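Mind docking chain F on chain L? Use the hints.
Which chain is which? The protein sequence lines are L and F, in order.
As numbered in my numbering, residues 1 to 224 make up the first sequence, in order.
As numbered in my numbering, residues 1 to 241 make up the second sequence, in order.
Worth flagging that the hints you see were computed from the coordinates, not collected in a lab.
Bear in mind that the values here come from a model prediction, so they are computed numbers and not experimental data.
Where hints are given, some of them may not hold.
Claimed, not checked - Each computed DSBU-like pair below joins lysine-lysine, with the alpha-carbon atoms no more than 35 angstroms apart:
#, chain 1, residue 1, chain 2, residue 2
1, L, 200, L, 52
2, L, 13, F, 55
3, L, 171, L, 97
4, F, 55, L, 78
5, L, 12, L, 52
6, F, 55, L, 52
7, L, 200, L, 78
8, L, 12, L, 200
9, L, 12, L, 135
10, L, 171, L, 135
11, L, 78, L, 12
12, L, 12, F, 55
What follows is each chain in one-letter form.
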Amino acid sequence: MESNVLAVAVEKKLGEFVLDVSFSSAGGVTALFGASGTGKTSLINMIAGLMKPERGRIELDGETLFDSARRIDVPAAKRHIGVVFQEGRLFPHLSVKHNLDYGRWMSGYPADAAAFAHVVELLDIGPLLGRRPGKLSGGERQRIAIGRALLMRPRLLLLDEPLASLDTARKQEILPYLERLRDDAHVPMIYVSHDAREVKRIGNRVVRLDDGRVAAVGGVELLG
Amino acid sequence: MLRRVRGMSPMLNLTPEDWTAVELSLRISVVATFVALPFGIAVAYMLARAEFWGKSLIDAIVHLPLVLPPVVTGYLLLITFGRRAPVGAFLADHFGIVFSFRWTGAALACGVMAFPLMVRAIRLSIEAIDRRLEDAAATLGANGFWCFLTITLPLTLPGIIAGMMLAFARALGEFGATITFVSNIPGETQTISAAIYTLTQVPGGDAAALNLVIVAVVISAAALVASEWFARRAARRLHGE
Numbered sequence: 001m002e003s004n005v006l007a008v009a010v011e012k013k014l015g016e017f018v019l020d021v022s023f024s025s026a027g028g029v030t031a032l033f034g035a036s037g038t039g040k041t042s043l044i045n046m047i048a049g050l051m052k053p054e055r056g057r058i059e060l061d062g063e064t065l066f067d068s069a070r071r072i073d074v075p076a077a078k079r080h081i082g083v084v085f086q087e088g089r090l091f092p093h094l095s096v097k098h099n100l101d102y103g104r105w106m107s108g109y110p111a112d113a114a115a116f117a118h119v120v121e122l123l124d125i126g127p128l129l130g131r132r133p134g135k136l137s138g139g140e141r142q143r144i145a146i147g148r149a150l151l152m153r154p155r156l157l158l159l160d161e162p163l164a165s166l167d168t169a170r171k172q173e174i175l176p177y178l179e180r181l182r183d184d185a186h187v188p189m190i191y192v193s194h195d196a197r198e199v200k201r202i203g204n205r206v207v208r209l210d211d212g213r214v215a216a217v218g219g220v221e222l223l224g
Numbered sequence: 001m002l003r004r005v006r007g008m009s010p011m012l013n014l015t016p017e018d019w020t021a022v023e024l025s026l027r028i029s030v031v032a033t034f035v036a037l038p039f040g041i042a043v044a045y046m047l048a049r050a051e052f053w054g055k056s057l058i059d060a061i062v063h064l065p066l067v068l069p070p071v072v073t074g075y076l077l078l079i080t081f082g083r084r085a086p087v088g089a090f091l092a093d094h095f096g097i098v099f100s101f102r103w104t105g106a107a108l109a110c111g112v113m114a115f116p117l118m119v120r121a122i123r124l125s126i127e128a129i130d131r132r133l134e135d136a137a138a139t140l141g142a143n144g145f146w147c148f149l150t151i152t153l154p155l156t157l158p159g160i161i162a163g164m165m166l167a168f169a170r171a172l173g174e175f176g177a178t179i180t181f182v183s184n185i186p187g188e189t190q191t192i193s194a195a196i197y198t199l200t201q202v203p204g205g206d207a208a209a210l211n212l213v214i215v216a217v218v219i220s221a222a223a224l225v226a227s228e229w230f231a232r233r234a235a236r237r238l239h240g241e
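Next comes chain L alone, as it looks inside the complex (with noise of 0.2 angstroms):
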């Protein structure tokens, strides 16, 4: 268990079935990948601090998040866990900077002009700055979603179907943002998604889930 990064364990009744799931990772994208339904998007929240297994434990780096047993709970402000959630979920009132800049001002860091303007190429959200996210495309609004995750300085970033909103042509504009944010951003990543071409591009390691259970973890070749 130590040297993993993450290690899951957990339970819940989630309405006619039980999600029964414990995986880890060393690092790099772990794909969760099952059909819809199957769970994920709980799992997900769970990880985050947003919804309360049950039973089981969550670790991160050594640090306990969730322990049933020891009655340990640590609420998702203090998880430093960044999530990109499938609707991107922009503060509507905020402009894309102040957005991109919300995780750093809960957080109390100071302002960090290079670690931004880095993120700002990465993505190529320069120009959407001074926006506001009413009026953004889908692709830049999730663009701006892994931003927001990334400038938060995670311990471990979670993406929840961060393409499952968007049309062919929108994914096709993302992912190769998302290479190369696994390539060059060196933050531990879960990635969960349904579509294998997906999983395929980003995974390094996959974590297939069914019916609320493990089914088969190992290499993308798991995907066929």
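Just chain F, lined up with the frame of chain L:
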């Protein structure tokens, strides 16, 4: 247009007493609205979000002034906040705050009468917020307080503006509870409504009352236009570029 306004101006001939009533009405309504606001936001947030035992009781109490005859609300204020009433005596002895037969009492009555409308508007606005945005803020390190301050409150702004507008209008029109609680004293508690009522009670006073009626219409219309403008601006901020 200009000529018509000028033509009306001899008619709009307000006496110093009328002006006092107008000034008092504005002061009472503005104070009532702004003092009620923090409580209104707190109660609306609690009713929208918190689950606790006795919540429907709180809900009912908040809405009571909306359904009770205003005179009854005024009477209840009198036996609670009057100079010799338990709460009134306590506030007067310990904080020097006196409500009875003062303009502050009129503001209290107006605030109480306006409160349900304010809470309702703000509560609806809070309930309409996409809570997933608050989840996103939490993952970015915002604790409950900062999340409320930076996400929930700004997104509630259209509802807050609407609630303030409704409260101000209600306070401006308040009559029954005010006159029951703090009477109708020129220069202290005689608002536009009370002054109009007084004028209509004397023979030939209805012509003089018309002046105040016009002022009331103008103030209400101006408040409506202003709140529409603010609400549109707030909506543009939320959905625009």
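Notebook entry, point to check: Within 35 angstroms, alpha carbon to alpha carbon, are residue 200 of chain L and residue 52 of chain L?
Noted result: holds (30 angstroms)
- Task: Take the C-alpha atoms of residue 171 of chain L and residue 135 of chain L, compute the straight-line distance between them, and say whether it is at most 35 angstroms.
- Result: holds (19 angstroms)
Can the restraint linking residue 12 of chain L and residue 135 of chain L be considered satisfied, given a maximum Cα separation of 35 angstroms?
Violated. Residue 12 of chain L to residue 135 of chain L sits at ~38 angstroms, over the 35 angstroms cutoff.
Going straight from one Cα to the other, do residue 78 of chain L and residue 12 of chain L come out at no more than 35 angstroms?
holds (22 angstroms)
Does the alpha-carbon distance linking residue 12 of chain L and residue 200 of chain L stay inside the 35 angstroms limit? holds (29 angstroms)
Margin query: Run the distance test for residue 171 of chain L versus residue 97 of chain L: straight-line Cα separation, threshold 35 angstroms.
Written below: Judged against 35 angstroms, a Cα distance of about 23 angstroms means the pair holds.
Taking only the CA atoms, is the gap from residue 12 of chain L to residue 55 of chain F under or equal to 35 angstroms? Answer holds: residue 12 of chain L to residue 55 of chain F is near 30 angstroms, not above 35 angstroms.
* To do: Please work out if residue 13 of chain L and residue 55 of chain F have their alpha carbons no farther apart than 35 angstroms.
  => holds (29 angstroms)
Task: Straight-line alpha-carbon gap residue 55 of chain F to residue 78 of chain L, limit 35 angstroms - done: holds (31 angstroms)
Taken at face value, is the distance from the CA of residue 78 of chain L to the CA of residue 200 of chain L at most 35 angstroms? holds (32 angstroms)
Distance restraint between residue 12 of chain L and residue 52 of chain L, which requires alpha-carbon spacing of 35 angstroms or less:
Roughly 8 angstroms separates the two Cα atoms, so the pair holds.
Proposed proximity, residue 52 of chain L with residue 55 of chain F (alpha carbon, max 35 angstroms) | Answer holds: residue 55 of chain F to residue 52 of chain L is near 25 angstroms, not above 35 angstroms.
The structure does not agree with numbered hint 9 stated previously, though it agrees with all others.
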